Amino acid sequence: MGIKGMKNEEFGDNESLELLKESGTNVLLTTIDDVINWGRKNSLWPLTFATSCCGIEMMQTGAPKHDFARFGMEVYRASPRQADVIVVAGTIVKKMAPVLKRLYDQMSEPKYVVAMGACTITGGPFYRDSYTIVRGVELIIPVDVFVPGCPPRPQALLYGMLQLQRLIETQTIKSRKVRNASHNYK
Amino acid sequence: MDNKQLGEFIKSLDADFEIKEGKQFTEVTVPPAKLHSLASQLREKEETLFDFLVSITGVDYVPDLGLIYHLRSTKHGHMVVIKSRTSDRENPQFDSVSDIWEAADLHEREAFDLLGTRFVNHPDLRRLFLNSSWGFPLRKDYVDDDIITW
Numbered sequence: 586m587g588i589k590g591m592k593n594e595e596f597g598d599n600e601s602l603e604l605l606k607e608s609g610t611n612v613l614l615t616t617i618d619d620v621i622n623w624g625r626k627n628s629l630w631p632l633t634f635a636t637s638c639c640g641i642e643m644m645q646t647g648a649p650k651h652d653f654a655r656f657g658m659e660v661y662r663a664s665p666r667q668a669d670v671i672v673v674a675g676t677i678v679k680k681m682a683p684v685l686k687r688l689y690d691q692m693s694e695p696k697y698v699v700a701m702g703a704c705t706i707t708g709g710p711f712y713r714d715s716y717t718i719v720r721g722v723e724l725i726i727p728v729d730v731f732v733p734g735c736p737p738r739p740q741a742l743l744y745g746m747l748q749l750q751r752l753i754e755t756q757t758i759k760s761r762k763v764r765n766a767s768h769n770y771k
Numbered sequence: 044m045d046n047k048q049l050g051e052f053i054k055s056l057d058a059d060f061e062i063k064e065g066k067q068f069t070e071v072t073v074p075p076a077k078l079h080s081l082a083s084q085l086r087e088k089e090e091t092l093f094d095f096l097v098s099i100t101g102v103d104y105v106p107d108l109g110l111i112y113h114l115r116s117t118k119h120g121h122m123v124v125i126k127s128r129t130s131d132r133e134n135p136q137f138d139s140v141s142d143i144w145e146a147a148d149l150h151e152r153e154a155f156d157l158l159g160t161r162f163v164n165h166p167d168l169r170r171l172f173l174n175s176s177w178g179f180p181l182r183k184d185y186v187d188d189d190i191i192t193w
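Quick note, the sequences are listed as chains A and B, same order.
For the first sequence, position 174 matches number 759 in our numbering, and the numbering has no gaps at all.
For the second sequence, position 50 matches number 93 in our numbering, and the numbering has no gaps at all.
In case anyone wonders, no lab produced these hints; they're calculated from the structure.
One should not assume that every hint holds.
No farther apart than 25 Å at their CA atoms in a straight line, the calculated lysine to any residue pairs in the SDA-like style are these [unchecked claim]:
hint : chain 1 : residue 1 : chain 2 : residue 2
1    : A       : K679      : B       : S176
2    : A       : K679      : B       : I143
3    : B       : K118      : B       : G159
4    : A       : K680      : B       : G65
5    : A       : K680      : B       : D188
6    : A       : K686      : B       : S175
7    : A       : K680      : B       : L171
8    : A       : K679      : B       : K118
9    : A       : K680      : B       : K118
10   : B       : K183      : A       : R720
11   : A       : K686      : B       : G178
Note that this is a predicted model, so its numbers are computed, not measured.
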């Protein structure tokens with residue numbers, strides 16, 4: 586499960602990714618999965634969605650210096666219909682939550698969620714004494730990869746996106762439906 | 044005018060105005076009923092000419108609710124602070140000054156949104172940030188089960 590230009594051992598947490606490997610022994614399905622996953626992971630188009638300072642780091646990740654188009658996150662899409670991954674970059678408040686949920690619902694399958702920054706993971710610096718904060722976007726939408734930081738550096742987001750690619754490699758077309766059905770968020 | 048002269052001048056307008064000096068700006072405390080007349084006089088009088096409303100601050104003094112207006116004159120360069128408070132928490136009413144300063148429109152809506160102070164004669168007093176079902180979160184007696192305190 587190596588990613589272009591980055592060796593397997595350079596990633597942390599390889600053992601749990603092996604555990605996540607979902608396609609079992611079915612030779613035909615495994616081969617199809619490999620082909621489909623290869624396509625999915627190498628054209629992960631993110632949605633233009635940023636609610637605060639993490640968005641600035643996300644823009645920098647897309648800008649020439651770090652340029653995550655190298656890894657297949659080719660172009661930011663302004664429409665959720667055309668996007669594969671939503672990077673939730675920034676604080677989600679109660680008033681924003683329905684919008685985020687709606688954007689997620691509008692994205693077409695397969696769709697992935699990266700929670701970027703402390704605010705989207707737990708509410709971060711606004712965790713206590715706040716009447717507006719949503720304490721973690723996982724209360725609203727299912728999250729695939731968490732990228733901690735406040736805000737995370739572009740390198741951290743890149744690492745998280747590469748981990749998402751590796752996560753996609755472990756998935757199978759069969760389990761994707763089951764996974765979605767198991768999420769019951771309101 | 045300097046702070047002392049301002050204080051004396053405002054006192055001469057109406058003896059009810061309470062003047063407090065010694066801080067950065069002269070502070071005038073007025074009852075809500077006289078807030079609008081004081082504001083319009085300060086705006087119109089040639090000596091004061093407060094044409095710039097810097098900010099409106101809402102305060103929950105428990106049990107009182109209050110407002111603090113910072114005014115500035117772009118011609119004379121002096122500033123004054125007006126304070127007003129009411130003990131009615133259920134229906135705290137102040138006269139809107141948005142007919143005197145256009146900027147007061149949004150300031151008052153924000154104060155209403157977060158503290159629930161109502162502004163009489165405001166042209167468009169709706170919630171600014173929050174939904175209409177939300178309470179008034181900056182009041183000290185605001186209750187929300189979602190809040191995690193220290």
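### Query
Between K680 of chain A and K118 of chain B, does the CA-CA distance stay at or below 25 Å?
violated, 42 Å
### Query
When you check the alpha-carbon spacing of K686 of chain A and S175 of chain B, does it fall within 25 Å?
holds, 21 Å
### Proposed proximity, G178 of chain B with K686 of chain A (alpha carbon, max 25 Å)
holds, 24 Å
### Given pair status - S176 of chain B, K679 of chain A, alpha carbons within 25 Å
Judged against 25 Å, a Cα distance of about 13 Å means the pair holds.
### Task
Please work out if K680 of chain A and L171 of chain B have their alpha carbons no farther apart than 25 Å.
holds, 12 Å
### Satisfaction of hint between I143 of chain B and K679 of chain A, Cα-Cα up to 25 Å
Not OK: K679 of chain A and I143 of chain B at ~35 Å, beyond 25 Å, violated.
#### Entry: Hinted pair K680 of chain A and G65 of chain B, Cα distance within 25 Å
Judged against 25 Å, a Cα distance of about 43 Å means the pair is violated.
#### Entry: Restraint check for K118 of chain B with G159 of chain B, where alpha carbons must lie at most 25 Å apart
violated, 34 Å
### Task
Measure nothing beyond the straight line between the CA atoms of K680 of chain A and D188 of chain B; if it is 25 Å or shorter, mark the hint as holding.
holds, 17 Å
### Query
Straight-line Cα separation of K183 of chain B and R720 of chain A no greater than 25 Å?
holds, 22 Å
#### Entry: Given pair status - K118 of chain B, K679 of chain A, alpha carbons within 25 Å
violated, 44 Å
In terms of the numbered hints stated before, the structure departs from hints 2, 3, 4, 8, 9, listed from lowest to highest.
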